[in-house]
Amino acid sequence: MFSFIMQGFWDYFQVLTLILFIGLAILWFFFNKYRSHFSKKILWIMGIIIIIIGIFLSIYAIPDNSAMFGVVFIFFGVFVLPLRNLLADIKSKSIESNSKILNEDRDESVYDHSISKSKEIIHKGKNYKANQRYQKAIDAFVKVISINPNSDASAESWFELGEINLIRNRVPEALKCYKRAVEIKPNYSDALERINEVKQKLKDIKNEKN
Numbered sequence: 001m002f003s004f005i006m007q008g009f010w011d012y013f014q015v016l017t018l019i020l021f022i023g024l025a026i027l028w029f030f031f032n033k034y035r036s037h038f039s040k041k042i043l044w045i046m047g048i049i050i051i052i053i054g055i056f057l058s059i060y061a062i063p064d065n066s067a068m069f070g071v072v073f074i075f076f077g078v079f080v081l082p083l084r085n086l087l088a089d090i091k092s093k094s095i096e097s098n099s100k101i102l103n104e105d106r107d108e109s110v111y112d113h114s115i116s117k118s119k120e121i122i123h124k125g126k127n128y129k130a131n132q133r134y135q136k137a138i139d140a141f142v143k144v145i146s147i148n149p150n151s152d153a154s155a156e157s158w159f160e161l162g163e164i165n166l167i168r169n170r171v172p173e174a175l176k177c178y179k180r181a182v183e184i185k186p187n188y189s190d191a192l193e194r195i196n197e198v199k200q201k202l203k204d205i206k207n208e209k210n
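Residue numbers for the sequence shown follow UniProt numbering, beginning at 1 and rising by one.
Please note: incorrect hints may appear among the correct ones.
To be verified - Below, in silico cross-link-like pairs of lysine-lysine (DSS-like), each with a Cα-Cα straight-line distance of 25 Å or less: (1) 124 with 185; (2) 206 with 126; (3) 185 with 206; (4) 129 with 185; (5) 117 with 129; (6) 206 with 124; (7) 129 with 206; (8) 209 with 185.
In short, the hints are calculated from the structure, not lab data.
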């Protein structure tokens with residue numbers, strides 16, 4: 001009698017275990033399909049539980065001659081193949097991260113090159129200005145501004161354009177250039193000093209006319 005009860009309980013337990021296994025397997029495949037919305041820890045824990053239950057069913061619920069086949073089938077079908085998707089996600093994120101680093105390095109290299117190029121052009125522009133080749137100097141400074149309009153090099157170029165306008169006695173135009181330099185670089189002391197000088201000069205010109 002006791003043996004019969006235990007056998008019935010064992011059969012009932014096997015059925016419940018099988019139902020649990022199928023339910024977990026379905027849930028796991030569903031979670032894996034939409035794995036981007038779920039924590040990978042949940043997938044790993046569920047996968048391990050499914051393997052344990054699968055091995056148990058393979059040994060006790062499947063005939064002995066197919067036990068090994070059941071273990072292999074469950075291991076590869078339920079865990080290893082979906083695991084490949086998880087590893088692919090990790091690899092994809094790693095590639096994306098490396099690509100981002102490479103892009104940042106490339107952008108930094110381009111930026112450094114533009115700074116170096118701007119300094120070289122400014123140097124040429126100053127030489128043109130010193131030799132009174134003003135149009136050549138203007139072209140050089142305008143080129144620097146076009147490379148990176150909001151850089152320190154651009155602020156320096158605006159200042160130099162102001163100097164050329166001041167030499168040519170184009171005082172209002174010079175003031176605009178100095179102000180533009182300060183807009184880009186607020187602490188530009190030379191430009192701030194020039195602004196005060198030019199404002200005073202404009203004031204003196206106005207008084208002379210009156």
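Checked hints:
Annotation: proposed proximity of residue 124 to residue 185 holds, straight-line Cα distance about 22 Å (limit 25 Å). The straight-line distance between the Cα atoms of residue 206 and residue 126 is roughly 31 Å, outside the 25 Å bound, and the hint therefore fails. In summary, the hint linking residue 185 to residue 206 is not supported, as the alpha carbons are separated by about 29 Å, beyond the 25 Å threshold. For the hint pairing residue 129 with residue 185, the CA-to-CA distance comes to about 22 Å; that is within 25 Å, so the pair holds.
Proximity of residue 117 to residue 129 is assessed by CA-CA distance (about 18 Å); at most 25 Å being required, the pair is judged to hold. Restraint check for residue 206 and residue 124: not satisfied, since their Cα atoms lie roughly 36 Å apart, outside the 25 Å limit. Distance restraint check for residue 129 and residue 206: the Cα-Cα separation of roughly 29 Å exceeds the 25 Å cut-off, and the hinted pair is therefore not satisfied. Between the alpha carbons of residue 209 and residue 185 the distance comes to roughly 34 Å, so the proposed pair goes past 25 Å and is violated.
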